[in-house]
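Chains as they are written, first to last, in this note's numbering: chain L, 1 to 334; chain Y, 335 to 628.
Hints in this document: simulated from the structure, not taken from any laboratory. Hints are supplied without guarantee of correctness; some may be wrong.
SDA-like mimics (lysine to any residue), calculated; alpha carbons at most 25 Å apart, straight line [as the list claims (entries may be wrong)]:
| hint | chain 1 | residue 1 | chain 2 | residue 2 |
| --- | --- | --- | --- | --- |
| 1 | L | LYS331 | Y | ALA588 |
| 2 | Y | LYS551 | L | GLU243 |
| 3 | Y | LYS554 | L | ILE108 |
| 4 | L | LYS116 | Y | GLY510 |
| 5 | Y | LYS551 | Y | ALA588 |
| 6 | Y | LYS494 | Y | PHE466 |
| 7 | Y | LYS551 | Y | PHE611 |
| 8 | L | LYS114 | Y | PHE452 |
| 9 | Y | LYS554 | Y | THR486 |
| 10 | L | LYS331 | Y | ALA511 |
| 11 | L | LYS30 | L | ALA205 |
| 12 | L | LYS85 | L | VAL41 |
| 13 | Y | LYS554 | L | GLU249 |
| 14 | L | LYS30 | L | VAL41 |
| 15 | Y | LYS554 | Y | PHE452 |
| 16 | Y | LYS551 | Y | ARG513 |
| 17 | L | LYS158 | L | LEU169 |
| 18 | Y | LYS551 | Y | LEU346 |
| 19 | L | LYS331 | Y | THR486 |
| 20 | Y | LYS554 | Y | GLN456 |
| 21 | L | LYS114 | Y | PHE611 |
| 22 | Y | LYS494 | Y | LEU514 |
| 23 | L | LYS114 | L | GLU243 |
| 24 | L | LYS30 | L | SER280 |
| 25 | L | LYS331 | Y | ILE471 |
| 26 | L | LYS321 | Y | GLY424 |
| 27 | L | LYS116 | Y | ILE607 |
| 28 | Y | LYS551 | L | LEU169 |
| 29 | L | LYS116 | Y | PHE611 |
| 30 | L | LYS114 | L | THR211 |
| 31 | L | LYS116 | L | LEU334 |
| 32 | Y | LYS551 | L | PHE293 |
| 33 | Y | LYS554 | L | ASN289 |
| 34 | Y | LYS551 | Y | PHE407 |
| 35 | Y | LYS554 | L | LEU169 |
| 36 | Y | LYS554 | L | THR211 |
| 37 | L | LYS331 | Y | ALA450 |
| 38 | Y | LYS551 | Y | GLY424 |
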Amino acid sequence: MSISTQMKTRRSLIPIALTLVAVVLALVLKSHLPGGELRAVATIFMFIALSQAWNIIGGFTGYASFGQVVFFGMGGYFTAVVMLKWNFSFWLALVLSGCFAALFAILIGQPLLKLKGHYFAIATLGVAEGMREVVINLPDLTGGGAGISVPIAGKFAKTQYLGDGGFYLLFLALAIFALGIGTLVSRNKFGYGLRAIHQNEDAAAAVGINTVRSKVMAYALSAFITGIVGASYVFQQITIFPERLFDVEITVLMIMMVVIGGSGTVLGPLVGALGLQFVSEYLRQHFTNAHTFILGGIIIVAVILIPQGAVNYLREGRRTKDYSLLTNIRKYRL
Amino acid sequence: MDTFLQVTAYGLLQGGLLALVAVGFSLVWGIMNIVNLSHGAFVILGAYIAWEMQSWIGLDPFLGMFVSAAVLFFVGYFFQRFLINLIVNGPVFITLLLTFGINMILIQGMNLLFTADFRSIQTSYGSNSFEFGNVRIPLVRLLAFLLAIVITFALVAFVKRTRTGISIMATGMDRGAARLMGIQARHVYALTFGISAALAGMAGTMIATIETFDPSKAGKFTLMAFVVAVLGGLGNMYGALVGGLMIGLVESWAGQYLSGTWVNAIAFLVLIIVLIFRPNGLVGKAFYAARVEF
C-alpha cells in the first residue's frame, strides 16, 4: 500500500471512529436522561437527519428547495393513512413512505428542476403550500384540518408505541443513516457531479454529466430521507395536523441549520443542527416570550458575519490564515 | 347571473388590494433580485401603525396610511442599507434566510407590542355601500381598489420619469454600469426597499379597514405577493396589477363555485403552471430574464 492511499484510508477512518464514539456516547446518554430531555435530544437527531437531507439538494446541488417540508408531510401522512386504514406495521409504512416521497419528488422534479434560483425556491414552496391544502380538502382520506391519529396500542395496532427511549433510538438511527448517505454522496462520482452542477450546470453537462437525471436523483434521495423522518415524527406525535406537518418553519429550520453550519459539507449540517437546536431550546426555556425574537436576531447576525457557514469559514480560515470577519463580510456585500 | 356579477366584482376589488400588496414586492425582486420574505410583516406593521394613529388621535385611515408609509419607508431603508446590503451578492438562500430572520423579529415584536388579538380599523363610513344594477359595491373596498390603481400608475410614472426612478431602473438593469455613471448603488437599493416597504404599509392600512388582521397573517400576504409578482412578471408594475386582478378573480370564483378551501390549492396550482410554462410572467417581455441569476 502506498503512502498516499494509506493516508487516504486513515483520513476516511477518522470520521468513522468519531461517529462510533458519538454513537456510544449517545447510547450512554440515553440511560441517564429523563423523559423530557430524551425527547429534546431526539428532536436534535431528527433535525440532523433533516438538514442532511436538505444539504443533498440545497447544499451539494445548489437548488434551494424552499418547500422541502412537503416530503416530510407526504411521508408522514402516508404513514398515518396506511397505518390507520390498512393496518400496516410502522416499519413497513416507514420504508414505503420514504419511497412514496421519493416517487413524488421524481414526478415534480422533472418540471421543477428546470427552474433556477428563486424560481425553483418559490415553485417548491408553492408545491408545499398547495399539498397542505390538498390534504386539508381530502377529509375522508386524511382527516382534513381536524387531524388524524395513528393507532399506537391495543389489538388494532400492528406496532406498539415505541416510548421516549424507543424514539430516541429511532431518530438516532435516522440521523446516522442520513449522515452515512451524506458522506457517501459527498465522496462518490454522483456527488462530484452534483457539485459540478452547482458551480456551472452547462459546463457540467458538457463534461458528460446527465444533469437532469443527477438533479432528479438528488431530489429523490433527499425526499426519501425527509419522508422517513416525517413518518417517524408522525408515529412519535400520534395525532397530527396538516398545519404542523406542512409548516414552512420546518423547511426554514433545515435551511438555517445547513447554511449556518456550512452548506455542501457533511459536517456543516451536523454542526448547524446541533448548535441551532441547542440555542433554540435554551432560548425557549429562558426567554419564553421573546425566543423567536432573539432567534431571528441570531440568524441575522450569523448570516451576515459568516454567510458561508461555520465549517467553511474555519476551513477557509485555516487555509488562508485569515479569520477576520471583516474580510468575510466584504465577500458578499454591496 | 347576478351572483356571478357580484362575485366577479368582489374578485376585482380584492384583486386591486392584492396588487397593492405585491407591487412593492415585485419591485424589490425585479431590481435587486431579493425575495423579501418579510414583506407580509411590513404589510401588517403598516396596519398596526394606522390603527394606532386612529386610536391615538383619531386619524382617518385614508390619511393614516401616509403615516404608515412614511414610517415604513424609513424602516425599509434602514434594513436594506445596514443589513441586506451586506449580503446582497450572496447565494439565493442567504438572502431568503436574512429576510426570514427580519420577518421573525418583526412578527414576534408585533406580538409582544400589540398582542396577537384580531384588530380592524372601524370608520363611520365603513359599512356604506352602493348598488350598481344588482351588484352591491362596498365603498371602502372601492376606494382601496381605486387607490391601488392610482398608486401603481404613480409608481410607474415615478420610476420612468424622475431622475431617482431612472437611477433605480438603471441599477436594476446593470449595477456595474450604473455605478460607473455615478449612481450610489447602496443608496438606490435602500431607497427601492424603502419604497417597497412604504407601499406595503399603505396596502396594510387598506386591508385593516376591510378585514381583521393580526401578526400571524403576515405569512399569507408574503405568499400572495409571491404568487401575484410571479404571475405578473418580476419588476413589472403593471404586471403586478394584472396578476393581482387575476388572482382576485380566480379566488373569488373558486370560493363561490368550489367547496372547502380548494381555492388556496388552485392559486398555487396556477403559480406552478405559470412558473413552468412562462417563468417570465404572463404580461410583458422577458426583460429581466437576461440578468444573471446566482
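Taking the hints in turn, this is what the structure says about them:
1. LYS331(L) / ALA588(Y): violated (48 Å)
2. LYS551(Y) / GLU243(L): Answer holds: LYS551(Y) to GLU243(L) is near 14 Å, not above 25 Å.
3. LYS554(Y) / ILE108(L): holds (24 Å)
4. LYS116(L) / GLY510(Y): Holds, at about 23 Å.
5. LYS551(Y) / ALA588(Y): Holds, because 21 Å separates the two Cα atoms, which is no more than 25 Å.
6. LYS494(Y) / PHE466(Y): The given pair, whose Cα atoms are some 36 Å apart, is violated under the 25 Å limit.
7. LYS551(Y) / PHE611(Y): violated (30 Å)
8. LYS114(L) / PHE452(Y): Not OK: LYS114(L) and PHE452(Y) at ~42 Å, beyond 25 Å, violated.
9. LYS554(Y) / THR486(Y): Holds, because 21 Å separates the two Cα atoms, which is no more than 25 Å.
10. LYS331(L) / ALA511(Y): At roughly 20 Å apart (the allowed maximum being 25 Å), ALA511(Y) and LYS331(L) satisfy the hint.
11. LYS30(L) / ALA205(L): violated (48 Å)
12. LYS85(L) / VAL41(L): Violated, because 31 Å separates the two Cα atoms, which is more than 25 Å.
13. LYS554(Y) / GLU249(L): At roughly 14 Å apart (the allowed maximum being 25 Å), GLU249(L) and LYS554(Y) satisfy the hint.
14. LYS30(L) / VAL41(L): holds (9 Å)
15. LYS554(Y) / PHE452(Y): holds (15 Å)
16. LYS551(Y) / ARG513(Y): Judged against 25 Å, a Cα distance of about 39 Å means the pair is violated.
17. LYS158(L) / LEU169(L): Distance ~19 Å between LYS158(L) and LEU169(L) Cα, so the pair holds.
18. LYS551(Y) / LEU346(Y): holds (21 Å)
19. LYS331(L) / THR486(Y): violated (36 Å)
20. LYS554(Y) / GLN456(Y): Answer holds: LYS554(Y) to GLN456(Y) is near 22 Å, not above 25 Å.
21. LYS114(L) / PHE611(Y): Between LYS114(L) and PHE611(Y) the Cα gap is close to 11 Å, so the pair holds against 25 Å.
22. LYS494(Y) / LEU514(Y): Measuring from Cα to Cα gives roughly 20 Å; hence the hint holds.
23. LYS114(L) / GLU243(L): violated (29 Å)
24. LYS30(L) / SER280(L): holds (21 Å)
25. LYS331(L) / ILE471(Y): Given that 25 Å is the threshold and the Cα spacing comes to 54 Å, the pair is violated.
26. LYS321(L) / GLY424(Y): holds (23 Å)
27. LYS116(L) / ILE607(Y): The given pair, whose Cα atoms are some 15 Å apart, holds under the 25 Å limit.
28. LYS551(Y) / LEU169(L): violated (38 Å)
29. LYS116(L) / PHE611(Y): Holds, because 13 Å separates the two Cα atoms, which is no more than 25 Å.
30. LYS114(L) / THR211(L): Holds - the C-alpha atoms of THR211(L) and LYS114(L) are around 10 Å apart, at most 25 Å.
31. LYS116(L) / LEU334(L): holds (23 Å)
32. LYS551(Y) / PHE293(L): Since the Cα atoms of LYS551(Y) and PHE293(L) sit roughly 17 Å apart, the hinted pair holds (cutoff 25 Å).
33. LYS554(Y) / ASN289(L): holds (23 Å)
34. LYS551(Y) / PHE407(Y): holds (21 Å)
35. LYS554(Y) / LEU169(L): violated (37 Å)
36. LYS554(Y) / THR211(L): It is violated: about 35 Å lies between the C-alpha atoms, which goes past 25 Å.
37. LYS331(L) / ALA450(Y): violated (39 Å)
38. LYS551(Y) / GLY424(Y): At roughly 29 Å apart (the allowed maximum being 25 Å), GLY424(Y) and LYS551(Y) break the hint.
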